[in-house]
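Q: Dock chains Y, H, D, A and S against the given chain V, drawing on the hints supplied.
Number of protein chains: 6
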Amino acid sequence: MAMTKVALAVTAHPDDAEIGMGGTLAAHAAAGWDVHIVVVSLPDQRERRLREAAAGAGVLGATAHILDRPGTWQVEDLPVYALVRELDTWVRDLRPQRVFTQWHGDAHNDHALVARAVGSALRHSPADLYLAEQANQYAASAAPFPVTTYVDVSEHFDVKLKAVACHDSQSAADTYTEHLRARARYHGERIGCAFAEAFSCMVERLEIPRPETP
Amino acid sequence: MAMTKVALAVTAHPDDAEIGMGGTLAAHAAAGWDVHIVVVSLPDQRERRLREAAAGAGVLGATAHILDRPGTWQVEDLPVYALVRELDTWVRDLRPQRVFTQWHGDAHNDHALVARAVGSALRHSPADLYLAEQANQYAASAAPFPVTTYVDVSEHFDVKLKAVACHDSQSAADTYTEHLRARARYHGERIGCAFAEAFSCMVERLEIPRPETP
Amino acid sequence: MAMTKVALAVTAHPDDAEIGMGGTLAAHAAAGWDVHIVVVSLPDQRERRLREAAAGAGVLGATAHILDRPGTWQVEDLPVYALVRELDTWVRDLRPQRVFTQWHGDAHNDHALVARAVGSALRHSPADLYLAEQANQYAASAAPFPVTTYVDVSEHFDVKLKAVACHDSQSAADTYTEHLRARARYHGERIGCAFAEAFSCMVERLEIPRPETP
Amino acid sequence: MAMTKVALAVTAHPDDAEIGMGGTLAAHAAAGWDVHIVVVSLPDQRERRLREAAAGAGVLGATAHILDRPGTWQVEDLPVYALVRELDTWVRDLRPQRVFTQWHGDAHNDHALVARAVGSALRHSPADLYLAEQANQYAASAAPFPVTTYVDVSEHFDVKLKAVACHDSQSAADTYTEHLRARARYHGERIGCAFAEAFSCMVERLEIPRPETP
Amino acid sequence: MAMTKVALAVTAHPDDAEIGMGGTLAAHAAAGWDVHIVVVSLPDQRERRLREAAAGAGVLGATAHILDRPGTWQVEDLPVYALVRELDTWVRDLRPQRVFTQWHGDAHNDHALVARAVGSALRHSPADLYLAEQANQYAASAAPFPVTTYVDVSEHFDVKLKAVACHDSQSAADTYTEHLRARARYHGERIGCAFAEAFSCMVERLEIPRPETP
Amino acid sequence: MAMTKVALAVTAHPDDAEIGMGGTLAAHAAAGWDVHIVVVSLPDQRERRLREAAAGAGVLGATAHILDRPGTWQVEDLPVYALVRELDTWVRDLRPQRVFTQWHGDAHNDHALVARAVGSALRHSPADLYLAEQANQYAASAAPFPVTTYVDVSEHFDVKLKAVACHDSQSAADTYTEHLRARARYHGERIGCAFAEAFSCMVERLEIPRPETP
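Chains as they are written, first to last, in my numbering: chain V, 1 to 214; chain Y, 215 to 428; chain H, 429 to 642; chain D, 643 to 856; chain A, 857 to 1070; chain S, 1071 to 1284.
Pulled out of the complex, with its shape left as it was, chain V reads as follows (with noise of 0.2 Å):
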C-alpha cells in the first residue's frame, strides 16, 4: 500500500501560493503528493475570492482550505497566537512532510506575520519547512533573501501561469506573467533548468533515497 504523502502551503492571501510556489506545488502533485494550500486571510470580496483560490489550487492539483471565519479580515486582524492555534489543527490533521510558506523578511508585514506563526505551529512536527522569495516588484525587503533551495519547475511553468490567471480579481493575474517569468529564469540558470522556484530552507531531515533498482 503507499504512503500518501502530504505537502502544505501556508500563505497569507489567495494568490501568494501560486504566485510564489506554484509550479513547487504542482510537481508535488505531479509526483503523486497530496498538496495543500491554506490561505490565512480574505482580504476583500469574499465569494470571489473563494472561488479564485479553489480554481488556482485546482489548476495546480491541489486543494484550497480557508480559514473558517465569516466575512473579510486581514492577518494583522487575528492575534499570531489565535493563527497559530488554527495551523496547529491544520499541521495536526494533515501532517505534512514538507510545509512551504513565505518569508520572515519580506517587506509585507502579512506575508512575515504567516512565517511566523507557521514556525511556531510546527513546534511538535517533524515537517521540513521552506521559505518562498516574497514576488512583489519594487521590493526593498528588509535583509537580502537567503537562498538555499531551488525547484525545478520547468515542466511546471505554464501549469503555474494558469494558476495565477485564476485570481483574475487581482492584476496580478494579468501583470505579473513576465515579472514571473524573469524571475524563474534568472533562479533556473542558477541551477541550469529552464524555470525554477527558489526558497530558503529553516529546517530540514535530509533524506537519503535509496538508488533504483530495475
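No lab work stands behind these hints, which were simulated from the structure alone.
Note that CB positions come from ideal geometry on N, CA and C, so glycine has one too.
Take these hints with a grain of salt, some might be off.
Which residues of chain S face chain Y? A few of them, derived with a C-beta cut under 8 Å, are [what the hints assert, rightly or not]:
1. P1149
2. W1160
3. R1186
4. G1189
5. S1190
A: Here is chains Y, H, D, A and S on its own, set in the frame of chain V:
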C-alpha cells in the same frame, strides 16, 4: 539496472570527515550510495595517517582519497586555485549528487579554505552542497553556524565513533567520544531522534520522491 | 556595607525563565545576588500557574513577579508600548546590573515581543543585556542563534531541573529533562565544563575585576 | 522649467526626523528639493506637539504632516495595513524620489513598525529608500546597524540642532545636543568631513550625473 | 570648464568587468565619465587576453589596464599587500569618484581577494564603493548577495553583450548571453525597467543634485 | 597570595593595539592585571618600530612582544598555520583570561588574518575573546561591526593618546587624535560615560562577581 548515486566528502585533514559527518556518510553507504572522501592535506606522519584515513573510511563504507603529492603538507601550502584544479578532476570523475564539506566560517583557516575551494569546484556541477558544523571544543568561530539540514544518524552513531577511533595518532580519537555524543544528542533533540549531525545547506535541488508503492 | 547586586529575568510565560536560564539565575543567587523574575503573561490556569511560578523561582533563590492584571492573558493582548511602560517601572525600582531575557529571533512570537520590549525598557538604564537560546524542540527559528556568552551551571543544573519540575501543569516539566540535559552538555563541551547555558550578548560594560588578594 | 525633486521623511514621533535625519533634510531643502515629513503618531500633548512638529520642520525648510486622526495615539494603535494605506496616499500624491525612514532593527518597536510600513508603501513606487540609525542612548538594539550611506551635513548641523530644540516638550531637546554632536562627528570622521549623518540603503537606483559644463 | 568624473572598475580577470558591470560602465561612459578598468590577473594566453581586454573595454567606452608584470599569473600569486600597493597607485592617479569591484562573498577566491584589496586601497580615498553580484552559474556562494543598488542598463545592454563577446577565448563569450539576459531582466523587474545590473553598496556619500533649471 | 590575571592583546602591527584597545589595556593594567601585547608583524624600520612598540606598551602599563624573526615582514609572509603555532606558545605560556584582537571583517587583510589566527590559537584555551573595531578612516569594511561589549576608558583616554603618540614613525600618531576622540565619545555616549572603546564579543564565560563586603 540501478543508477549508482555518489556522495563526496571533502575535508582538510584525515579525521575531519569522520568527526564532522561520519554518521551521514555511513548512512549514505548503508543506503547503497557510493561514498568518497577526499582529504586535502596530510600534515604529518604520512604513512600512518594514510593508513588511518583508509581505515576510517572503510569503517564508514567509503573510499578515502588523498591529493597525489609526496611527503606532508598543509592546505595553505597550495594556492586555492591549485586546490580547485585538483577538486575539478574529482568532481568531473565521480560526478557526485551530494557534496559535504567544512564551513567557511570555521575558526580553523584550513577548513575555511577547503570550503571556499569546494564552492568553486562545483561551479559547473549540479551537486547539492552541505557544510558541516565545526567540531572543535572551545570554538570561538567567526559567526553563528546556520544549521538548516539535519541527518538522523541514530543507527550509524556507533559506526561513526569506531571510524573516529581509527585515527589513533590523534588525541581526538580518545577524547572526542564524549564531545561528539553531546553534540549529536543536542542535534538529535532538535529533530526528535537519538543522534543527528547538523549541516548548513549552501545549495540544493529539492527532490520530490514519489510515494512508495507496494 | 555590601552593595547588593541585582539580576533581572524577563520572560513571556511562567516556566520560560527556569527552562532558558534557570541555572544562570541560581548561580547568581548562590553568589549573593538579588534575583528577580518578571513573567509577562499568565495564559491560563491563573491560580495554579501563579503558585508554580512562585515555587520555581523559590527553588532558584529568586522572586517571581507577574504583571498586575486580573484573569489570564497573552503577551500579544498588550501593545508593546504598554508592556514597555510596565517594565520601565521594574527597571526603575529594581535597578538591575544584569538583565536576561528571550531572543528576538525566537520562533515563538511572544518570546520575540518580550525581547523587543526589554530592549526598549533599558533605553535609560546601564544594565547589561543577555538573550537566552530558544528551548523548543523541533525549533524552526528565523536565524541562527548567535551565542557569545556561556555560563557554567554545572553546580546548579540539578536545581534548574527541580525548578522546571515545579511547573507540573506543563508537559515540559516531564519531558524537558532529557532535552535540557542534552542542550547543557553541548554548551558545556564548548567551554570545557559539565553543563552550561548559552546567551547572546546584546550589550555589556566589561567589568575589570581586581585580582583577589589574600 | 525646473522639475521639482521631492524628499519624504516618515517617522514614528514628532522629533524623530529632526534627531535622525535633520541635517540630511536641511541639505535637501537647501539644494532646492521639496521636503516633507510625515509623522505617524502623536502620542501626547496634541496641540503642543503639533506646533513643535511644524516649527521643527520649518527650521529645516520642510513641511510637517500628521495622520488625520483626532486626539493622541501610538503607532501600535493602528494595524500596519492601515498605516500602509495612509502612506500609500502620501507616496502617490508627493511622488518622492527619495524616502528616509527609521530602521527595522531599531529597539523601539514603533520605529521598527514604521520601517516595515514604509517598505510596503513603496511596493509600486520607484523611490530610493534609506533608513536612519537609531538615536537612543543606551541602545541595546537587535543587530548592528549596517551603514552604507553617509550625508555630509557639516553646513547644516547647526540648523539640525535648532530644529531639535523646537521640541521643547521633550527632554531630548535639552540633552541630545552633546549626543548628536558625538554621533555626527564619528560619522563625519568616517568620510572625512566635520559632521555626517549615517543611513542604511535599502534600495536605490544609482544616478549617473553628467559632469557639469561651464 | 567641465570637471571630469572618473569611474574605476577593478576585477580579477579580463572578462569579469564586462560580465559583472559592463552595462553600468557603458552608462557612465555615455554620460561623459572617464571610465577605467583595472584587471588584476592575466591567467593565461597573455597576448590574446590583453587584446580581448582592450577590445572589451573599448566597446564599453573605457580604458583597460593590467598590472605591469611579465607573463601570466593568478591573483593569489601576489600577496594582498602587494596588490593593495598597486591599487594605491591607480587610486591616487585616477582619483575616481566611484569604484566598482567584485564581492567578498563570491565563491571564486580570486574575486573575494580583489574585493578585500580594493576595500583596503580606498582607506584614504573619498570614493564610493559598489560590489557586483557574482555571475557564475551553479553559484554556491557563501552568503546571500545583499543588493542595495540598481543601475538601469536598458539602453546599454546590447553594448554589454558586445563587450562580453570580445572575450572569445572564453566559453563565457558564447554561453553567457542567455544567462546575463535572465539576470538583467530579473533585476530590471525589481526596479521597473527592461534590464538592470545589481550592486551591493559598501560605502557612499549621498549626492544631492540640484533640480535642473531650464 | 594574589592570583595574577592576564590580558593578552594580539595585533598585526606595532600601533594597532594602542589605537584599537589602548584604553582597555591601560584599564586592565591599572586594575592590577598583567597585560601583554603580541605584535605579529614588523613591516618596516625594524629598530625604530621595536622601540616605539616597547614605548607604547610601557605607557599603557603593558609588555610588548614581537615574533622572533630577523628583519621586517608582513603578516601575509607567514602562512596562518605558522602564525597559529607561534600564538600557541604565547597562549600556553601566558595563560590569559582575556584576549583582545582585531576583527575578521576588518578591511585590512592583515588584521583579518590575525583575527583568524587568534581564533584558532584559542582552540584549547578557556580565554574570553573580544574583537576591536577597525580604526581606519574612510573605512569600507565588509560588514557592519557588531558591537556587544563596551569598556569605559574615561580615566585612561589620555594615557591611550600618549601611547599612540609613541609611534611617531606613523602619521597616525599625529592625525589620529581627533579621530580617536570622536570614536570614543560616540561609544561613550552609548553607555553613558565620557569615553569608551567598543568590542565584539566572540566568546566569554560570564563571571558572577560576589557583591563586595566591607
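Q: Of the numbered hints stated previously, which ones are contradicted by the structure, given in increasing order?
A: 2
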